[in-house]
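Listed in order, the protein sequences are those of chains V and A. Okay, so the first sequence: first residue is 1 according to my numbering, each after it adds one. Okay, so the second sequence: first residue is 1001 according to my numbering, each after it adds one.
None of these hints come from the bench; they were simulated from the model. It cannot be assumed that every hint is accurate.
Said to hold, decoys possible - To be clear about the criterion: a stretch of chain A counts as covered by chain V if any three or more of its residues have a C-beta under 8 Å from a C-beta of chain V, and this derived list gives those stretches:
(1) 1002 to 1012
(2) 1029 to 1043
(3) 1053 to 1062
What the hints assert, rightly or not - Here are the simulated DSS-like pairs of lysine-lysine, each with C-alpha atoms no more than 30 Å apart in a straight line:
(4) Lys632(V) with Lys1065(A)
(5) Lys578(V) with Lys1035(A)
(6) Lys68(V) with Lys332(V)
(7) Lys253(V) with Lys351(V)
(8) Lys1120(A) with Lys506(V)
(9) Lys632(V) with Lys1120(A)
(10) Lys704(V) with Lys1035(A)
(11) Lys1035(A) with Lys579(V)
(12) Lys1058(A) with Lys578(V)
(13) Lys1065(A) with Lys578(V)
(14) Lys607(V) with Lys1058(A)
(15) Lys579(V) with Lys1065(A)
(16) Lys300(V) with Lys253(V)
(17) Lys575(V) with Lys1035(A)
(18) Lys1093(A) with Lys579(V)
(19) Lys1058(A) with Lys632(V)
(20) Lys575(V) with Lys1093(A)
(21) Lys166(V) with Lys332(V)
Glycine included, each C-beta is placed from N, C-alpha and C at the ideal position.
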Amino acid sequence: MSEPPLPPLPHPVNLPRLLTSRYSNRVLQMIPPDITGPPSLLAKQTIIHAFSPRIAVLESSNVTDFAKAYGFDSFLSFLTYFEQALADQDFGSPAIHGSPSRILVHFVPQIDVQIASQKMDPSKTAVDLALSSTSSLTSSLHSSAYGFPELYDQSTYNLTLENHIKDVDSALEKTQFFIDAAKDGYKPSQTTQGKSDAEKLQSSIYLAMLTKALSSNTVVPFESFNHPIINLLAVTSDEDIRHVQETYFNWKKQTEALPTWVDPQSALTVFLILVNSDKPEELQKGLQMQEHLRVNLGEKGIVFPVSFKRDDEQPAVTLYSSESAFSPKTVKIPKKVFESFNIQLQDLLYKFLIPFMQRKIRVWNEQVIAPRKSITGRLLNAGKLWSGSSSRRSFFSFGGSSGNTTTNEPDELPDTAYNPSKGYYNSTAPNVIIRRLADWYFMLRDYKNAYSTYDMLKKDFMNDRAYSYLSSVQEFMIVSLLMGASGKINPLENLAVPRTNGITRKIITDVITPLLDSSFYSYLSRCNLKTYTIRLTLLVAELFFILGQSAAYCDRSDVSTYFLNPEAYFIESQKLFKKLIDSNLVDDTSCAILMERLSYIYRCYGKPAGDLSISQPRQPSYYEEDNADKLKMPPITTFGLFRSRKSILWMLMASKRLDPLVNSTQVALLVWCIDEQLHGQSEINDDSSLVWPYRDESVLHELKVALGNA
Amino acid sequence: MSYYFAIVGTNDAPIYELEIGTYHQSGDGTPHLPKEIHELEQFIVNGSLDILQDAQFKSSSIFFKNIDSFYGYQVSAYLTQGNGKLLVLTDLKNHDESLRQFLIEINELYVKNLLNPFYKINDPIRSPSFDSRVRTLAKRYL
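Build out the structure end to end from the sequences listed, making use of the hints.
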């Protein structure tokens, strides 16, 4: 008999965009959502998005007017709304022969604007990296105190997270599930109506935290993910060509004034010429402009016909902003405009961005990597170490005073060497080019090449004592290893690349753990970069979990041959989450969210196999039927597979950390979840076995009392 | 050094609990567990049952030393023949044979208690003589 359809929700719940896309629906169908957190595949999507290529946008005033006509602040914000549309795909599969089938991008302001905003923002305690040529001796002695900007301001981050939780709370309180639970005094009840909405809302909290912790537009010398790959200059066809040229030269001049660690030459410049499709003569003008720019400036242009007049009668498409994961800003634009823009953006990505990146990778491979790998290159490299080009003491200076090592004048150093007084390499240094090459491999999801390229740099950075560079390289070595491995098992497609080397126990102990410890120490103690330390730990912990959960849900016998048991990855992930919780780097709210994540990992033990076996009803044997006093047998098929008790412990700790008086809704939901777990466990036991958690002096009882008073 | 000792019945509910400090190294048996651990101790011990259940059929031993840990606190377990559990949470990392001996003797006490016709399995043990014997054993071994 089919179940009657559920009545509609009394209040429409505004679910975060991140959890309502087609891709997330696919994931959630396979791995059901949970109150303690989202499935790891959604976190993987967030990670891939965070390290996607940047496209810097410079727009003329005419283009800004065009964007304003459609209700956007600027053309840049118009483009950022397309990021979410692009993100709604499965990015689980790695690149084949260095060419990804799908790619994500971020639209950002021009790099000079970004660097200027970093200097102006007092929270990002950046020293003026561009103008620090008159460095004193004292600064060179304290090589860790360069004051590189943090990824984000921690107080703003905490505030954003708290606001997000408040938004989630107000939406949660409207769900039928929460209304029913509140009526029953948060006791586990049979009504699960609206539970999935509540679970999705709760899941959005961790995803928001992860997104905020990973994605940042902070530009630093030691990694090039936030350095734009394409400079998109948006103009309209009706603009004067001389004015366009002038804008171009002004922009060029500004890029020349950039700090020496930025290489504007490595980015592709593309003109986006918007043509008013309502005026047929404009197309000709646009084509002329394109030709002119190509001949006179040597830059490429894309002619893009679009209607400048807003027509509200046409069918519209809702676009979601990627800025806020929850209650996103939405703007409606005509479907025609959306589709034509989407096609043009696809063209920009697949005809300009990817081929350009691949071409550059080839060139850098030939120019920098090949000579280094050759025998002569190796000999020269060995010679370089002795010749004293690095900041270390030269081979021939044994016996000299140790003070010589730090009093190297910057003038004596070649352009390509690490400058210990400023704390960075020039953009022309081979090491920087190799780092950029590795980052580009990474962004194209060619993790194997990315790993080997990062590996080439490790020794040089160590010799130069370029600790910020070193820790970043070590971080991305681990991330490429884990991302590469997780790309080989896709539970959504039930695919596993056969005969591949997964992450074995040996790799974890010999490669990942030492790299992680070294990077953690360097980031935190040598470079004083807290947010980078948080990013490192969170990223690696989550990647281990992704690997574990993917292996658990990939129902193929050959997975176990090449990958470890999911439990081994879960344990590694738990260790790192615990390390982050204990490091005092994050505030109480973030800490509680991390504890919930830990609890979710414990809840994932024994799934999905455990779930299947639990659903099979066990037939009581003849002896049990006859003798009611006989001890009940535990479910043998799932005995020892679960970690639900551990999960309860971490949920309790999270509830305590959240404080029932401050975050009563969150705590109420967690307490409900704990109750449900406790009763779920006791399926073989009677209710008398569940007296102890509710005793008067118990934490759970205290929480319940506090919730009652809240 | 402090200990939290619990006898867990076959239905995974605690039937006897004791918080006690060491009598060695001039200790007077007063427990010094921090507040955070004190309020969570039952849940910590309950959590270690997950690990114990995973391990108990993979090994023929009945004593599991340091089977689980939580912020520097170790949990050791002893399985009784009827699937009851004797669990000890302690901040002592490298305890010697004494803990095992203590649990073996407690097991004997527990079995004697089971033989009592007025005692029903999994009921809380409220007998004062049982408690005083456990305390005596704790004084001797812990």
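Each hint, compared with the structure:
no. : hint                      : result
1   : 1002 to 1012              : holds (count 4)
2   : 1029 to 1043              : holds (count 4)
3   : 1053 to 1062              : holds (count 5)
4   : Lys632(V) with Lys1065(A) : 27 Å, holds
5   : Lys578(V) with Lys1035(A) : 20 Å, holds
6   : Lys68(V) with Lys332(V)   : 13 Å, holds
7   : Lys253(V) with Lys351(V)  : 28 Å, holds
8   : Lys1120(A) with Lys506(V) : 51 Å, violated
9   : Lys632(V) with Lys1120(A) : 15 Å, holds
10  : Lys704(V) with Lys1035(A) : 19 Å, holds
11  : Lys1035(A) with Lys579(V) : 22 Å, holds
12  : Lys1058(A) with Lys578(V) : 27 Å, holds
13  : Lys1065(A) with Lys578(V) : 23 Å, holds
14  : Lys607(V) with Lys1058(A) : 20 Å, holds
15  : Lys579(V) with Lys1065(A) : 24 Å, holds
16  : Lys300(V) with Lys253(V)  : 19 Å, holds
17  : Lys575(V) with Lys1035(A) : 24 Å, holds
18  : Lys1093(A) with Lys579(V) : 20 Å, holds
19  : Lys1058(A) with Lys632(V) : 21 Å, holds
20  : Lys575(V) with Lys1093(A) : 19 Å, holds
21  : Lys166(V) with Lys332(V)  : 26 Å, holds
Hint compliance for this structure: hint 8 is the single one not met.
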